[in-house]
Amino acid sequence: MNGWLVAPIIAPFAAAALALLGRRRPLFQHVSALVGAAIHLAAGGWLLYRVHHQGIAVLHVGSWPAPFGIALVADHLSALMVLITGVVYGAVVVYSRAEISADNRQRGYYPLLHILVGGISGAFLTGDLFNLYVWFEVMLMASFALLVLGRTRAQMKGGVTYVVINLFATLLFLTGLGLVYAMTGTLNMAHLHLKLRAVADPGQVAAVSMLFLTAFGIKAGLFPLFFWLPASYHTPPVAVSAIFSGLLTKVGVYALIRTFTLIFPFDNSGIRELVLAAAALTMITGVLGAAAQGDIRRILSFHIISQVGYMVLGLGLFTPLALAGAVFYLFHHIVVKANLFLISGLIRQHGGSFALDRSGGLYTRGLLALLFLIPAFSLAGFPPLSGFWAKMILIRASLDSGQFALAGVAAAVGLLTVYSMTKIWNEAFWKPMPTTENAIVHNRVSAWMTAPVVALVLLTVCIGLWPEPFVQLARTAAEELLDPMAYVYTVVGEMR
Amino acid sequence: LIPQGSLQPAAAVANSLPQALILTAIVIGFALLAFIFILFLRAYQQLGTVDTEAMTDSESGSQDLTPAERPRP
Numbered sequence: 001m002n003g004w005l006v007a008p009i010i011a012p013f014a015a016a017a018l019a020l021l022g023r024r025r026p027l028f029q030h031v032s033a034l035v036g037a038a039i040h041l042a043a044g045g046w047l048l049y050r051v052h053h054q055g056i057a058v059l060h061v062g063s064w065p066a067p068f069g070i071a072l073v074a075d076h077l078s079a080l081m082v083l084i085t086g087v088v089y090g091a092v093v094v095y096s097r098a099e100i101s102a103d104n105r106q107r108g109y110y111p112l113l114h115i116l117v118g119g120i121s122g123a124f125l126t127g128d129l130f131n132l133y134v135w136f137e138v139m140l141m142a143s144f145a146l147l148v149l150g151r152t153r154a155q156m157k158g159g160v161t162y163v164v165i166n167l168f169a170t171l172l173f174l175t176g177l178g179l180v181y182a183m184t185g186t187l188n189m190a191h192l193h194l195k196l197r198a199v200a201d202p203g204q205v206a207a208v209s210m211l212f213l214t215a216f217g218i219k220a221g222l223f224p225l226f227f228w229l230p231a232s233y234h235t236p237p238v239a240v241s242a243i244f245s246g247l248l249t250k251v252g253v254y255a256l257i258r259t260f261t262l263i264f265p266f267d268n269s270g271i272r273e274l275v276l277a278a279a280a281l282t283m284i285t286g287v288l289g290a291a292a293q294g295d296i297r298r299i300l301s302f303h304i305i306s307q308v309g310y311m312v313l314g315l316g317l318f319t320p321l322a323l324a325g326a327v328f329y330l331f332h333h334i335v336v337k338a339n340l341f342l343i344s345g346l347i348r349q350h351g352g353s354f355a356l357d358r359s360g361g362l363y364t365r366g367l368l369a370l371l372f373l374i375p376a377f378s379l380a381g382f383p384p385l386s387g388f389w390a391k392m393i394l395i396r397a398s399l400d401s402g403q404f405a406l407a408g409v410a411a412a413v414g415l416l417t418v419y420s421m422t423k424i425w426n427e428a429f430w431k432p433m434p435t436t437e438n439a440i441v442h443n444r445v446s447a448w449m450t451a452p453v454v455a456l457v458l459l460t461v462c463i464g465l466w467p468e469p470f471v472q473l474a475r476t477a478a479e480e481l482l483d484p485m486a487y488v489y490t491v492v493g494e495m496r
Numbered sequence: 001l002i003p004q005g006s007l008q009p010a011a012a013v014a015n016s017l018p019q020a021l022i023l024t025a026i027v028i029g030f031a032l033l034a035f036i037f038i039l040f041l042r043a044y045q046q047l048g049t050v051d052t053e054a055m056t057d058s059e060s061g062s063q064d065l066t067p068a069e070r071p072r073p
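These protein sequences, in sequence, are chains E and L.
Each residue of the first sequence is one higher than the one before, counting from 1 in my numbering.
Each residue of the second sequence is one higher than the one before, counting from 1 in my numbering.
Hints are not guaranteed to be accurate.
Reference listing, derived: stretches of chain E covered by chain L, where coverage requires no fewer than 3 residues with Cβ under 8 Å from a Cβ of chain L [stated by the list, open to error]:
hint	region
1	125-138
2	148-154
3	163-176
Simulated from the structure, these hints should not be mistaken for laboratory data.
As the structure is a computational prediction, the values presented were derived from the model and not from experiment.
Glycine is no exception: its CB is placed at the ideal position from the N, C-alpha and C atoms.
Build out the structure end to end from the sequences listed, making use of the hints.
This is the structure:
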């Protein structure tokens, strides 16, 4: 029995229960959150270790054999995602200690955060399509509530947009699910892999896979479907927007990768070309949108979109190297992007504002400047930081498959990313402080806020300097994705 | 339902799985709707409109440190 597979799901929910019990005790809430995050991180590490050494692990919940019961499955991709979720979870929990106001804590910030992480981990681990829907809902409900927790006008506006578009995406997902069940009579992903091949009408399968592409594309922020993201991600507290930016869209990307490798592997239906075109346009519009913004968190939100384009590019190319690039990109991006959001909070603490025209002069804060520069350059893809390897693998993969235009787009978007990062640097750090009213606030920034940023920066540097083990893991994950028979066999066994 | 010694039900039976799935989806959908209505109500009270085109605050709203958050000199 692989009972330990549920640990990354149980730990956050247990922490949520504790946080609810200790609602009036901030210290108790924070300690339980730290313990929950530590257990989650350890479980993620253990999961990756086990999967790497003993192969794909599966847990049939309630001992119902697949495809009748719900299966939890951990392959390399799932295990990596759970581990990196644990890293961001830990960083955000530590950061929350200083950043989350007493008001927000009273309104249930901690339980919601734990439930959000529980939902995310569940979505990464499940091997059942309907169960994936349920985890998406768990995650979305928590994220809705976290988004509007502060009840400010901006949050209400962002919240309405976010909730409505996500409700729509969920309905598309549910419709697709129903149609898949009607066609095959199963919802187990591994079983679907076998069953959908036997469906007589390939047009029908392609049509249903479009529903999934649209639903997950909305969640991931793909090209024509991303407008909800920059409208909402800059409104909640920094800790919340960090976990949203790091993990929520990436659950959409994960679902896309899982769906289009395991359930609907690309064939000649033209969906692959569509995905590639969407990826290129996502990269371009995201980075151009960022260039027009004047608020740090809005710039970063647009960059999430352009980066999602890179990952989906890796999926669309569909070669071992490209998928490895996509997985590596996911890993690198989650660390860097969550970190940049956390740093935007530090910038606000030091300079007083997220708005670039109202901040400046931060170059006097040497540590903060260094902490910003490393992830910013990593995001833009400067060697030897993690983003460089991620971009290099993907550009190499597009050249290998003869997609020169896509390689060009990927390189150009990297260059434009530098432009945005330079803009933040010039405005927030280099230029003198604009008004006297804001004049250099000698704010003491709590160590609770600096420590997680430092840790994530170190992780970025590590991935950059020793990319080998990470690339190796990503390659193994890509091999498993491209040849899902091992996955299928582990889950459904001899049952064919 | 299934007679002793046989592997299948004697008469045709409805598949119970879709019922379970639909029930789950209904429960989730209900919770979502309840949340959305309350959210819209609050948004209307706070912003005076539920027309997203007319809500412009997230673009212009300032999130600078409030005077209370600034350190006293």
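Consistency of the hints with the structure:
1. Against chain L, the region 125-138 of chain E contributes 4 residues with a C-beta closer than 8 Å to a partner C-beta. That satisfies the three-residue criterion, and the hint holds.
2. A stretch counts as covered by a chain when three or more of its residues have a beta carbon under 8 Å from one of that chain; for the region 148-154 of chain E and chain L the count is 5, and the coverage holds.
3. Given as covered by chain L, the region 163-176 of chain E passes the check, having 5 residues with a CB less than 8 Å from a CB of that chain where 3 are the minimum.
Checked against the numbered hints listed earlier, the structure breaks none of them; every hint is satisfied.
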